[in-house]
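Peer 1: Protein chains in written order, with the numbering used here: chain A, 1 to 65; chain B, 1 to 261; chain C, 1 to 162.
Think of the hints as simulated: they come from the structure by calculation, not from any bench. If you're wondering where the values come from, they're calculated on a predicted model, not measured in any experiment. C-beta: ideal position from N, C-alpha, C; glycine also. Please note: incorrect hints may appear among the correct ones.
Stated by the list, open to error - Partial list, computed: chain B residues near chain C (C-beta under 10 Å):
(1) 42
(2) 45
(3) 80
(4) 83
(5) 108
(6) 151
(7) 154
(8) 164
(9) 165
(10) 175
(11) 184
(12) 188
(13) 206
(14) 209
What the hints assert, rightly or not - Computed list of lysine to aspartate or glutamate pairs in DMTMM-like fashion (alpha-carbon distance at most 25 Å, straight line):
(15) C:144 <-> C:67
(16) B:170 <-> C:67
(17) C:144 <-> B:147
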Amino acid sequence: MSDYFMMEGYGLYIWSSYAITAVAMVFLLVTSLRGLGQSRIELDQLETLLKSRRPRRSKSRDARP
Amino acid sequence: MHRFAKPSVFLKLADTLMPWMIAITVITGGTGLYLGLFWSPADYQQGDTVRIMYIHVPTAWMGLFCYVGMAICGAMSLIWKHPLADIAARATAPVGAMFTALCLITGSLWGEPMWGTWWVWDARLTSMLILLFLYLGYMALVNAFDDPERGSKAGSALALVGVVNVPIVKFSVDWWNTLHQPASVARMDGPSIDPSMLWPLMLMAVAFTGYYFIILAIRVRSELNERRIRALQLSGLFEQGDGTTSGSALYDQGHNAGAGK
Amino acid sequence: MSLSRAKSRKRQRLYLAGAALLAIAGAAALALTAFEESVVFFFSPTEIAAQSPIDEARRLRVGGLVEEGSITKVGSGETTLFVVTDMANSITVSYTGILPDLFREGQGVVAEGSMNSNGQFVAREVLAKHDENYMPREVADALKESGYWQELEAKNAENMLN
Chain A
1 MSDYFMMEGY GLYIWSSYAI TAVAMVFLLV TSLRGLGQSR IELDQLETLL KSRRPRRSKS
61 RDARP
Chain B
1 MHRFAKPSVF LKLADTLMPW MIAITVITGG TGLYLGLFWS PADYQQGDTV RIMYIHVPTA
61 WMGLFCYVGM AICGAMSLIW KHPLADIAAR ATAPVGAMFT ALCLITGSLW GEPMWGTWWV
121 WDARLTSMLI LLFLYLGYMA LVNAFDDPER GSKAGSALAL VGVVNVPIVK FSVDWWNTLH
181 QPASVARMDG PSIDPSMLWP LMLMAVAFTG YYFIILAIRV RSELNERRIR ALQLSGLFEQ
241 GDGTTSGSAL YDQGHNAGAG K
Chain C
1 MSLSRAKSRK RQRLYLAGAA LLAIAGAAAL ALTAFEESVV FFFSPTEIAA QSPIDEARRL
61 RVGGLVEEGS ITKVGSGETT LFVVTDMANS ITVSYTGILP DLFREGQGVV AEGSMNSNGQ
121 FVAREVLAKH DENYMPREVA DALKESGYWQ ELEAKNAENM LN
């Protein structure tokens, strides 16, 4: 098993390639999702605020221009 | 074409496709990883380091693919002023930049044990580095202006100019002598990769493409929300008019909504 | 009326973008042709022979295949002598240090360094340049037995040198 992870002595190069790629891809996914979540919260707050002043907007989760 | 450029149509399409995109990405990515790390054999000359290829090559393809997509969207935003094209270009840039950077990093990790060096200034490696700088330049440029429209104009122009670099990256290994070897997959006489190694490579490429479209859908959606927020804040400001401060209060509240969390 | 004017403006922008792209592509092509010398990563032994005598202070790279049976260790074994060939001309390279894992007879290499007074190339760095074929060891062994290997090797040598 440890032979497998050694990868004929190149393990460090191979595993760090995969690890760096995985970390970067997960990071971009998480920041993108977080940005979307934050924009939804902001939009909801703004729309309820506007609706309290003149009740006509539909309560959509996302922008519908 | 123009029909899909309507944000509401895009959002509906993205909603329908999202579960499929996630399924394809997870299945091809999982299978590709298993085949690449366990099932596929070591290479006759490069040994196990060939496994770096299963991420290095797809990230390189994605770096080029995203750039072409970004430039096409940039052109559409310049010529036809499609707001969605501009949003898609802005959403593509960070994904393409990430894939290009990963291609350079994994290439470096492959070059050190096999070539004997982390980096050389040959035509392939240099043109790939220029690709990364084009992405970074685009991202800096679109955010450099207070007026988003001017930002996207400048950014789209840069994206279009930089498209010249894409064929240079692809054909650098044929046009000049380089340390990097010529193409193994997209070549005239068919791939020079054994099927047992081509399979994980192709599966990983499909998975990365799926990942790109998932991120694209998420980022376009949040950018549409941001623009809606900006529009609402502006309309809120204009609606006051009766001497109350509700307009600016509304603006501040909207603007700072995410800050407290 | 205004619709058709907007349309013609769009077309104008399209032509403008197309023309700009063409101009930039042309400029890039010109620039790359003009600087072809500096884009070249290494010289083949034939190109080196054509340029000789080469100033000893000049740093350059020579690329080619390691000639079969040409690898010898000198001194205490840290210095390696080998011949880099492009099948037409060859050049003797001496290098002190650790060679890349792929270094062996018949392998493509790129050496960086300078010529000495004996016409020997003293390398400061030796890099391996491998071909674009990927296959399992068993497949490579089978190819070697079938005799197709020579054909593949000749093709690689040709690839390496242009």
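Peer 1: Does each hint fit the structure? Answer for all of them.
Peer 2: Structure-based check of each hint:
no.	hint	verdict
1	42	holds (7 Å)
2	45	holds (6 Å)
3	80	holds (6 Å)
4	83	violated (15 Å)
5	108	violated (13 Å)
6	151	violated (18 Å)
7	154	violated (14 Å)
8	164	holds (5 Å)
9	165	holds (8 Å)
10	175	holds (8 Å)
11	184	holds (4 Å)
12	188	violated (12 Å)
13	206	violated (19 Å)
14	209	violated (22 Å)
15	C:144 <-> C:67	holds (19 Å)
16	B:170 <-> C:67	violated (31 Å)
17	C:144 <-> B:147	violated (65 Å)
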